[in-house]
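A.B. asks: Sequence:
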Amino acid sequence: MKQKRWLINILMICLIPVAIIPGIRSSFIAEASVPLPQQPEMPDTIALPPLSYSIGARKDSILLPFWPDKKKDFSVLQSFFTGLDSLRAGKDTVLTIVHLGDSHIQAGYYSGKVMRLLQEEFGNAGRGWIAPFKLSKTNEPDDYYISSAVKEWVAGRCIQKIRKSPVGIGGIGIQSVSPSINLDVIIAPNNGAGYSFNQAVIYRGDKSMPMLPAGSLKDSVDTFRASSPAAPGIIADTFRISFQTDTLQLHSTRRKPGTDQLLPASSFKNIYYGFNLTNGHSGILYHSIGVNGSMYVNYTDETYVRQLALLKPSLLIISLGTNETFGRRFNSEEFSSQAEAFISLIKTYIPNTAILLTTPPECYKRVYVNKKRTYVRNASTQFAAKALVNVALRENIACWDLFAATGGKNSYSKWYKEHLMGRDRIHFTKEGYREQGTLLYRALMQTYNEWKSRNENIGEKKDGE
Numbered sequence: 001m002k003q004k005r006w007l008i009n010i011l012m013i014c015l016i017p018v019a020i021i022p023g024i025r026s027s028f029i030a031e032a033s034v035p036l037p038q039q040p041e042m043p044d045t046i047a048l049p050p051l052s053y054s055i056g057a058r059k060d061s062i063l064l065p066f067w068p069d070k071k072k073d074f075s076v077l078q079s080f081f082t083g084l085d086s087l088r089a090g091k092d093t094v095l096t097i098v099h100l101g102d103s104h105i106q107a108g109y110y111s112g113k114v115m116r117l118l119q120e121e122f123g124n125a126g127r128g129w130i131a132p133f134k135l136s137k138t139n140e141p142d143d144y145y146i147s148s149a150v151k152e153w154v155a156g157r158c159i160q161k162i163r164k165s166p167v168g169i170g171g172i173g174i175q176s177v178s179p180s181i182n183l184d185v186i187i188a189p190n191n192g193a194g195y196s197f198n199q200a201v202i203y204r205g206d207k208s209m210p211m212l213p214a215g216s217l218k219d220s221v222d223t224f225r226a227s228s229p230a231a232p233g234i235i236a237d238t239f240r241i242s243f244q245t246d247t248l249q250l251h252s253t254r255r256k257p258g259t260d261q262l263l264p265a266s267s268f269k270n271i272y273y274g275f276n277l278t279n280g281h282s283g284i285l286y287h288s289i290g291v292n293g294s295m296y297v298n299y300t301d302e303t304y305v306r307q308l309a310l311l312k313p314s315l316l317i318i319s320l321g322t323n324e325t326f327g328r329r330f331n332s333e334e335f336s337s338q339a340e341a342f343i344s345l346i347k348t349y350i351p352n353t354a355i356l357l358t359t360p361p362e363c364y365k366r367v368y369v370n371k372k373r374t375y376v377r378n379a380s381t382q383f384a385a386k387a388l389v390n391v392a393l394r395e396n397i398a399c400w401d402l403f404a405a406t407g408g409k410n411s412y413s414k415w416y417k418e419h420l421m422g423r424d425r426i427h428f429t430k431e432g433y434r435e436q437g438t439l440l441y442r443a444l445m446q447t448y449n450e451w452k453s454r455n456e457n458i459g460e461k462k463d464g465e
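Residue numbering for the sequence shown is 1 to 465, as defined by the working numbering.
Hints are computed from structural coordinates only; laboratory data are not their basis. These numbers come from a predicted model, not from an experiment. Just so you know, not all the hints are guaranteed correct.
What the hints assert, rightly or not - The calculated DSBU-like cross-link candidates involving lysine-lysine, where the alpha carbons are at most 30 Å apart (straight line), are:
| no. | residue 1 | residue 2 |
| --- | --- | --- |
| 1 | Lys-452 | Lys-161 |
| 2 | Lys-207 | Lys-134 |
| 3 | Lys-71 | Lys-386 |
Turn these sequences into a full structure, and let the hints steer you where they fit.
C.D. replies: Here it is as structure tokens:
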């Protein structure tokens with residue numbers, strides 16, 4: 001009985017606030033239904049991936065021109081950053097980047113790392129530009145193969161004083177007198193994962209034999225042959241496949257269009273430049289174009305730049321300058337004028353493209369002392385880096401100082417000790433190039449984050465007016 005009374009008393013105590021003061025309950029419910037004040041949202045930023053090595057100054061921002069009040073002028077990258085915003089908003093669009101350079105780019109590890117990171121964040125629109133490097137007897141990136149049964153290829157490169165063959169968008173060209181030519185495009189099963197394609201555009205000489213699909217997929221491919229050059233000396237034919245594939249086999253034809261007549265092999269000048277592979281998805285399309293030994297002067301050609309314009313880049317990254325520093329008498333003013341001459345052509349023929357210069361990293365230089373080979377610091381890379389930074393400021397374009405980001409003066413020894421440089425002390429290992437790719441991506445995204453934050457602040461000020 002006592003236990004029952006005790007329980008009843010406890011129950012009454014619990015009910016008193018509701019029974020005696022009914023307003024308390026309704027007041028509590030009303031307060032609970034009022035939304036809590038929202039915390040101000042943080043800027044919509046991109047997370048920066050970590051670096052694998054503790055080398056360098058880790059300068060994560062792009063160098064931009066300044067307004068008179070010393071504020072950064074983001075307008076030089078405005079169109080590119082706006083394109084990134086569109087992709088993040090889910091718009092069905094493709095944002096094209098061209099990364100142009102020398103042997104540091106031809107290897108594919110440096111630019112390939114930037115490509116992968118950007119596509120992971122903003123979407124993958126395809127592998128982009130691929131060139132027949134192995135058929136021209138030089139090294140090829142490891143995520144694709146271009147092969148042929150034809151062995152008698154003559155290779156032209158933009159670095160040749162007298163070119164053995166015309167060169168196209170990729171700075172190379174391969175030429176053959178064979179009356180029957182095949183080209184097989186294969187995405188490497190491991191290194192090329194994620195780069196299946198359903199469209200391939202082949203760029204060939206305007207007098208070369210056209211190609212038709214061959215092999216098991218030929219009935220699944222629609223061919224659209226161009227009737228006129230897309231740019232001086234270049235025909236661009238398109239192959240559309242009804243599904244995603246990792247392989248495309250092509251074979252030349254001498255058949256006169258619309259007839260069964262075979263034209264003589266001697267009437268053709270068979271030159272092929274490369275392919276553009278896409279998958280039909282929205283995202284980043286990243287074209288990596290590099291030629292061993294190339295310099296600014298090798299690309300400074302009106303015909304070449306008009307061909308490059310076919311890719312319609314939103315952003316052109318230019319990574320040149322290393323080879324110029326190995327001249328006997330490096331001259332900063334001469335080097336600067338060479339860079340400015342190329343930039344002038346870009347502004348003329350691809351005017352809506354944002355330009356980003358990168359400076360060369362420090363490296364060694366091979367010399368002989370008492371007839372013995374030894375390596376010393378290539379001091380000219382420091383002068384080339386400074387010259388390019390100044391060129392960017394004069395030309396009102398963006399610049400990323402790779403020389404400073406990798407550690408600046410005397411940094412080459414640290415990279416070499418970490419086994420991130422090759423035996424020649426000029427090129428880097430796969431890991432070294434990929435680390436530089438991460439550095440460039442971080443710099444791009446840090447600058448993008450700054451641009452986003454600045455735009456949000458401007459928007460808040462306008463709302464408060």
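A.B. asks: Please go over all the hints and tell whether each is borne out by the structure.
C.D. replies: Against the structure, the hints:
1. Lys-452 to Lys-161: violated (46 Å)
2. Lys-207 to Lys-134: holds (23 Å)
3. Lys-71 to Lys-386: holds (21 Å)
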